[in-house]
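Chemist: In the order they appear, the protein sequences are chains F and G. Numbered continuously in my numbering, the first sequence closes out at residue 201. Numbered continuously in my numbering, the second sequence closes out at residue 268.
Just to be clear, a hint being listed does not mean it is correct.
Said to hold, decoys possible - Derived pair list, reagent style DSS-like, types lysine-lysine, alpha-carbon separation capped at 27 Å: (1) G:LYS98 <-> F:LYS31; (2) F:LYS195 <-> G:LYS236; (3) F:LYS137 <-> F:LYS116; (4) G:LYS158 <-> G:LYS132; (5) F:LYS138 <-> F:LYS28; (6) G:LYS236 <-> F:LYS44; (7) F:LYS51 <-> G:LYS267; (8) F:LYS138 <-> G:LYS267; (9) G:LYS267 <-> F:LYS44; (10) F:LYS180 <-> F:LYS52; (11) F:LYS52 <-> G:LYS158; (12) F:LYS36 <-> F:LYS104; (13) F:LYS137 <-> G:LYS130; (14) G:LYS84 <-> G:LYS158.
Rather than coming from a laboratory, the hints here were simulated on the basis of the structure.
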Amino acid sequence: MKMISCFLLFFLFLSSVVAADVETEAEKILKSSVDKVFTVMLDKEMTLDQKKIKVIEITDTVFGYPLMAKLSIGKKHWSEFNTEQRAEFTKLFTDAFRRFYVDKLDLFSNEEVVFKPATVVKGKKVQIPTMLLSNGKKYSILYKMSNGKTGWRIYDITIEGVSLIHTYRSQYNHILASGKVEDLLVKMREMKEEKEGNKEL
Amino acid sequence: MRKLVLLVCFFVLTMYTFNISLFAEDSTASREQPAVNKSDDVSPVIDTSDTDEDVDYVDISMDATFVKDSFPSYNRAIFTFNDKLYYGFFRPVSKGYKTVVPEFARLGVRNFFTNVRMPGRFFNCLFQGKFKGAGTELTRLLINSTIGGAGFTDPAKKYFHLEQQDEDFGQTLGRYDMGAGSHLELPFFGPSNVRDACGLVVDIALDPVTLLTFVAPYASTAARTYIAINDISIDKGDTYEGLVEDAIDPYIAVQDAYSQNRAKKVKE
């Protein structure tokens, strides 16, 4: 009897310790990236362009772009992409996503991020809710992270209930529902051209 | 001893159910969107060619979901109209307004109108049975109208931690299980759906700003336009621009974001 209870207790502690570790690791990565981005943004010496490059460097280590790209297409259509198309799409998606947040950096000033306790989903996934305080308003931002080959990476961000990946997916799927993979790539190339011109991000 | 075993079992069980519930929460996320339909009933093609990724499809709501849209051509036309209206009028005017009026004044104006528009939030709290929320709104009105200087500041939030209750009649209808219906673009008001458009009628009736109509025919419209300009001038995140300017299909992006955001608000 005693043996069994000790055994159970041991497992209980083990499982809670593991869970706590998983939680802190993902949270640590996210927190340190957010801190780094804030430090760069508050640096008065750097120009905005320098900051943008720095921020991309930092965020590249925490966003899981290949997975995000795949998720933004969805199961149904991903198999229609051949290897080259997948590679090109991932690149174009990465560029589009970088543009999405880099464009917002010049609006940055006195924001504050409050982290809330993360919830672990099946050990390999973590959801970290945060609150962004800006001008007396609160915005809930949920970071979804998964543990893959390259460690903990963000695969989706949900702002006020709006999943960015979901929004990308519905746009891409609307095009793929009536067109071919190439049609989507053409549109994305045009968008990149229009937004970036010839400069590389 | 037996107690200890029971206790341990209890712990394991609670942890187990807790995990399950986390998992369940994630999987219901896709079902929580009332306006969203499955694009096809065809079972998704299982992707076997992709073995390079150790985490495959982490998200459970992986299937493409489209917002129900029964009037796509009408909606797109209104969307274009609203978009032109935004870039041609609201955005430039609010930019100009921003340079003339300092931020604290604009925030004050926002607080003032938020306070005036308390009835809509209060009654919708009541309609939804959120009596605590209704009480919060009532207390906020009392505090902010008095020591808050006619509502220009928000001491209720700052000192009493009473948060504004973001409720409207569309959410009330959603709370009573009314589906969102088709997406609907409303001229001047922006993205909506059949349910929220019905809700809007009730909300306008509950809005004290509407009373200005009795003062002068266009006074309430003018006031609403001013409130919108003031709000846009405070929106530092440039929400609309951020959503639209990098989207390959801006209409779908706004439609999807609206539907997701409303689904979340109804759930809360």
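Chemist: With reference to the structure, classify each hint as holding or not holding.
Modeler: Hint check:
{"no.": "1", "hint": "G:LYS98 <-> F:LYS31", "in the structure": "violated, 33 Å"}
{"no.": "2", "hint": "F:LYS195 <-> G:LYS236", "in the structure": "holds, 21 Å"}
{"no.": "3", "hint": "F:LYS137 <-> F:LYS116", "in the structure": "holds, 17 Å"}
{"no.": "4", "hint": "G:LYS158 <-> G:LYS132", "in the structure": "holds, 19 Å"}
{"no.": "5", "hint": "F:LYS138 <-> F:LYS28", "in the structure": "holds, 23 Å"}
{"no.": "6", "hint": "G:LYS236 <-> F:LYS44", "in the structure": "holds, 20 Å"}
{"no.": "7", "hint": "F:LYS51 <-> G:LYS267", "in the structure": "violated, 38 Å"}
{"no.": "8", "hint": "F:LYS138 <-> G:LYS267", "in the structure": "holds, 18 Å"}
{"no.": "9", "hint": "G:LYS267 <-> F:LYS44", "in the structure": "violated, 42 Å"}
{"no.": "10", "hint": "F:LYS180 <-> F:LYS52", "in the structure": "violated, 34 Å"}
{"no.": "11", "hint": "F:LYS52 <-> G:LYS158", "in the structure": "violated, 34 Å"}
{"no.": "12", "hint": "F:LYS36 <-> F:LYS104", "in the structure": "holds, 17 Å"}
{"no.": "13", "hint": "F:LYS137 <-> G:LYS130", "in the structure": "holds, 22 Å"}
{"no.": "14", "hint": "G:LYS84 <-> G:LYS158", "in the structure": "violated, 38 Å"}
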